[in-house]
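*Asks:* Listed here are the chains, written in short residue letters.
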Amino acid sequence: MGSYVLRRVLQMIPVFFGTTLLIFLMVYSLPGDPVAALFGEKAADPAVVASIKHKYFLDQPIWKQYLHYMGNLFQGDFGTSFTGRPVADIMADAFPVTIRLALMAFVFEMVLGLALGVVSGLRRGSIADTLVLIMTLVVISIPVFVLAYIAQTVFATNLGWVTPTVQDSYDLSQLILPAIVLGSLSLAFVARLTRTSIGENLRADYIRTAVAKGLPRRTIITRHLLRNSLIPVVTFLGTDLGALMGGAIVTEGIFNVQGIGNVLYRAINQKEGPTVVGIVTVLVIVYLVASLLVDLLYAVLDPRIRYA
Amino acid sequence: MDTTEREREAPYSGPLLDVRDLHVEFVTRDGVAKAVNGVNYSVRAGETLAVLGESGSGKSVTAQAIMGILDMPPARIPRGEIRFRGQDMLKMGKDERRRIRGQKIAMIFQDALSALNPVLTVGFQLGEMFRAHRGVSRREAREKAVELMDRVRIPAAKQRVNDYPHQFSGGMRQRIMIAMALALEPDLIIADEPTTALDVTVQAQVMDLLAELQSEFHMGLILITHDLGVVADVADKIAVMYAGRIVETAPVHQLYARPAHPYTRGLLDSIPRLDQKGQELYAIKGLPPNLLRIPPGCAFNPRCPRAQDICRTDVPELFPVAEDDGTPLEGRGSACFFWKETLHDR
Amino acid sequence: MPDIHDEDSYEPHPKPGVSRLDYAGEQGMAVEQETLVERDVVKREEARSLWGDAWRDLRRRPIFLISAVLILLLVVMAIFPWAFTDADPRKADLVNDYLKRPDWGDVFGVGWFGYDAQGRSIYARVVYGARASITVGIFVTAAVTVIGGLTGMVAGYFGGAVDAVISRITDIFFGIPLLLGALVLLNAFSTRTVWSVVIALGVLGWTQIARVMRGAVLTVKQADYVVAGRALGAGTGRLMFRHILPNAIAPVIVVATIALGGYIATEATLSFLGIAGRRGARRPRSEASLSEGSAS
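So the sequences go chain by chain: C, E and G. Heads up: the first sequence is residues 0 to 307, going by numbering that gives the first Met the number 0. Heads up: the second sequence is residues 0 to 345, going by numbering that gives the first Met the number 0. Heads up: the third sequence is residues 0 to 295, going by numbering that gives the first Met the number 0.
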């Protein structure tokens, strides 16, 4: 086990550098001059442009820029945005909001998704099952921004339960609706995955054995069926927390949540290199750590997996 | 639980298990598949009944119907009785039925690897029997599990009780299955192809263990197999199934020596023998019937070398088999209009 | 040394397409009890080919027929949009009031779905917009299937160092969220068209297929018929494409089919975010109408 973890961590190192380099290249080496963009329509003074470029290392070859960035990163310095604000500060403001939003969405999708999936998986062909299938199909087919607008129209405009956009991003109660919208797609996946997994395991030989042992139905379901059925679901949920954080761009935009999605979207449009690279780097780290945890969790849940 | 416990002590003279005119059907997309079409058999305490047949003959379905583990739907039981100690289990409530499973009738499956839960330790799965039916504590259940593993001769049971099924070899896994079936000392064990998935040398060990434990506890045993070789040593009587019916019943050695049904004869002839080296191996011509469209008359008639017109129109019942002079042969029956001729072949 | 990261997490991303398998499972339930039932059903009509078999099966399923007709309709709409509406999707006529309710009775008419803020026919915009969505969906799926399929095949087949390198490269691309990456990439294009969206999504989206393909090839590679093929002296190319590919392609097709819908939705989202739609693309598209509708 220990050597497996070590090997996985070692594997993560090139992936970390590769992904950050890739995003670095995408942000800095593609056409479009961020410094010129900074001045908008005005013609910039070449000397000022040059000094800004020098300050941000933009006059260096791309690989030097990357090494410089990475060097700073390992000292905890995410650089400075073109507006002069440290990227770490920007993230410190935005990440807590997004983490809360993502966690709420996560709890929502997990609790409701599992419940729906278990009910429909155990009662295949029932009305409840059909309803779950239709509901999840609808959610999966409709892009999230449409869902967001529908939610806004229904709950804010028509019912007046909430304000259409979030006024205070640090107020948890205001984040409930955005969190539900954000988590809805994953909820549909969780429900369907659980349903399928339960359906498959219901036909497994060991369930037949459990019945032949004369175990009560409740014991068979909770101890034998669910334990096995939830393994793939847990895997999905594990990687999804990171995905929720990265996928919050649209939801945060529509509901005006001041999280990283909003910041990132603005930064991309303004070619704010340092901010984009900083945020994506953190997201990559979250993703890498999450997938490592999922792998380890997998081994705990399924003893057939043994790490050499 | 209490009533059945008392019944156990009470003298009961009838057969342990008595299956009467059992029918099982499966509703499929293409129609109704008649898997079991009027099976009758019985088992007494201490007796071993071998049920022989190809896959699709209905032998496993019958066993699952007895066990009450058929998925219904798609399966359904339109007719028949399954009497356990005189009581028809098909008429019992769900709970009553469940308490018989594992406690009174236990089952051993073919593929122990898939029949054991992969994410639970074998000790847990063995102990579960005691926890569910006897309400013992977790710790006690574990001790019982170790005892059971010892009894089926799994080496180092104490150390291995917390291992998972995949960590055992095939033979050891099947021993665990046997231990699980034995746990509550049931009256009847149904073993569905218990050795098919094992190596030949391991097969014999497992079979011997099963037979030994059976006589030790004086249990009834239904041994389901397609392997004529497996049953010869352990079975008392044999029922041969074809297309959901019993076509021949006989005490084991008589069946080998003098089959009274052409299908049984065909099965015996298709076993390779050393003295036939160089000759072409015998095979029953044709294919097993489609259970959606079982041929009219005797289901075996399209493949039968002895088929006459009557075989294509009338369904033969299980005729009692007797010698030429009329002395009945105890326990023998054949569902062939020409059992006499078949008996005298060669 | 079974490496679960390489073996198991490379399985198709658990997405809802599995319901297809569900269905087959349900059908197979009865026959699991008695394998013979199934065997005989097949035997009865032995002459049928595999494709004929599949076709006979599909034809009897209403869901399949309805879906097929719908897909056909959308494809025809994408190719011949003018056949479905007389209206010009770009013609803005402020006489048409967007606040007016859609005229549901005016089937296939200009005002069927109502008008947008510029007085353009929403129905016409939906019809003409289908092309962009379908183009993106089909071409991105084709691109990722080819790129991902080939890399996954090479990684799975050769294993060892080749696999390690390809797998790490796959991990690198997989680490970048699709929507974020596409936003960054598309920002670099000065003129954005449907094709820039296809390129951006293709460059970033192939990893999922590569992982699925690699996993499938690893499984199939051990199958007896592949071993037999190798023993009989089949070359690398022949083994890969004649023996392994046909048997490893099924999960790839399943994942690709589900992904197709995902790409259409991603393109819609990009349009909504203003990155693929309003400025670059020259054609109106359904998704742009959606965001306009909400803005009004």
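The hints are simulated quantities; they were obtained by calculation from the structure and are not laboratory data. Treat the numbers as computed from the prediction; the structure is a model and nothing was measured. The C-beta atom is built at its ideal place from N, Cα and C for all residues, glycine as well. Treat each hint with caution, since some may be false.
A short, non-exhaustive set of chain C residues, derived as facing chain G with CB atoms under 8 Å [said to hold, decoys possible]: (1) V14; (2) M25; (3) V161; (4) V249; (5) L282; (6) L287; (7) V288; (8) A289.
Pair by pair, the computed Cβ-Cβ distance ranges are [unchecked claim]: (9) G:R229 <-> C:R303: 21 to 31 Å; (10) E:L286 <-> C:G1: 54 to 64 Å; (11) C:R303 <-> G:V164: 24 to 34 Å; (12) C:R303 <-> G:A233: 27 to 37 Å; (13) E:P295 <-> G:L49: 25 to 35 Å; (14) E:V199 <-> G:Q221: 19 to 29 Å; (15) E:E215 <-> G:D56: 36 to 46 Å; (16) G:D56 <-> E:D226: 43 to 53 Å; (17) G:Q221 <-> C:V4: 41 to 51 Å.
*Asks:* Take the hints in turn and mark each one as holding or not.
*Replies:* Here's how the hints hold up against the structure:
Proximity of C:V14 to chain G holds as hinted, the smallest CB-CB distance being about 4 Å (cut-off 8 Å). Evaluation of the C:M25 hint against chain G yields a held restraint, the C-beta minimum of about 5 Å falling below 8 Å. Because the closest C-beta pair between C:V161 and chain G is about 17 Å apart, greater than 8 Å, the hint is violated. The interface hint given for C:V249 holds, since its Cβ lies 6 Å from the closest Cβ of chain G, which is under the 8 Å cut-off.
Because the closest C-beta pair between C:L282 and chain G is about 7 Å apart, less than 8 Å, the hint holds. For C:L287, the shortest C-beta to C-beta distance to chain G is roughly 7 Å, which falls under 8 Å, so the interface hint holds. Annotation: interface hint on C:V288 violated; nearest CB of chain G at approximately 11 Å, more than 8 Å. For C:A289, the suggested interface contact is broken, since its CB lies about 11 Å from the closest CB of chain G, more than 8 Å.
Between G:R229 and C:R303 the beta carbons are some 29 Å apart, a value that agrees with the proposed interval 21 to 31 Å. Between E:L286 and C:G1 the CB atoms are about 56 Å apart, so this pair conforms to the stated range of 54 to 64 Å. Separated by about 29 Å at the C-beta atoms, C:R303 and G:V164 satisfy the suggested range of 24 to 34 Å. Separation of C:R303 from G:A233 is about 33 Å and conforms to the stated range, judged on CB atoms against 27 to 37 Å.
A beta carbon spacing of about 33 Å between E:P295 and G:L49 agrees with the range 25 to 35 Å that was offered as a hint. For the hinted restraint 19 to 29 Å between E:V199 and G:Q221, the CB-CB distance of approximately 25 Å keeps it satisfied. For E:E215 paired with G:D56, a C-beta distance near 52 Å fails the hint of 36 to 46 Å. The supplied range of 43 to 53 Å is broken by G:D56 and E:D226, whose beta-carbon atoms lie about 35 Å from each other.
Remark: the range hint 41 to 51 Å for G:Q221 to C:V4 is contradicted by a beta-carbon distance near 27 Å.
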